Amino acid sequence: MSTVSDATRLDVRANPPLPHDFVSRVLAVVDGIPSGRVMTYGDVAAAIGSRAARAVGQVMARHGDEVAWWRVVRASGEPAAGHGREAMRRFAAEGTAVGRGGDRVDLSSARITA
DNA sequence: CATTTGACTGCGT
DNA sequence: AACGCAGCCAAAT
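One rule links them: number in my numbering = place in the first sequence (from 1) + 36.
There could be a bad hint or two in this list.
Stated by the list, open to error - Pair ranges (Cβ atoms, derived): (1) Glu114 <-> Ser71: 12 to 22 angstroms; (2) Asp139 <-> His56: 30 to 40 angstroms; (3) Asp57 <-> Gly137: 29 to 39 angstroms.
Derived by calculation from the structure, the hints in this document are not laboratory data.
Predicted model only: the values in this text are computed from it and were never measured.
Ideal Cβ placement from N, Cα and C applies to all residues, glycine included.
Modelling step: build the complete structure from the supplied sequences, incorporating the hints.
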């Protein structure tokens, strides 16, 4: 027999174009970043209605290899900690706008917010 | 259930 | 411009 809580649960599961848990949502957003563009950790968090930039970093640390991890950069435009080399290489490969020092993304042109 | 831990951020020095 | 620091928040211990 059905209960109110059953109905609620079904309703929620029937819905989502968007995954329900934090990890899946983060990965979904990152997966949606087009080639040549980037989002900051904070942007990704904001995109899923959160302010947990650091938690986004945690997710990337664990599941980053499942997505285009280099497209998520720091608010300064610098690539993910410990992956600067590889990230810059990929930026060059997909034509991402890079700042003067050649060590960071030019956020004013490559950044997208949603 | 309390504490510690980060692929973060913004602000002050 | 580099560095330290406190605030932040979900996940791991």
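For each hint, the structure was consulted:
no., hint, verdict
1, Glu114 <-> Ser71: 12 to 22 angstroms, "20 angstroms, holds"
2, Asp139 <-> His56: 30 to 40 angstroms, "37 angstroms, holds"
3, Asp57 <-> Gly137: 29 to 39 angstroms, "38 angstroms, holds"
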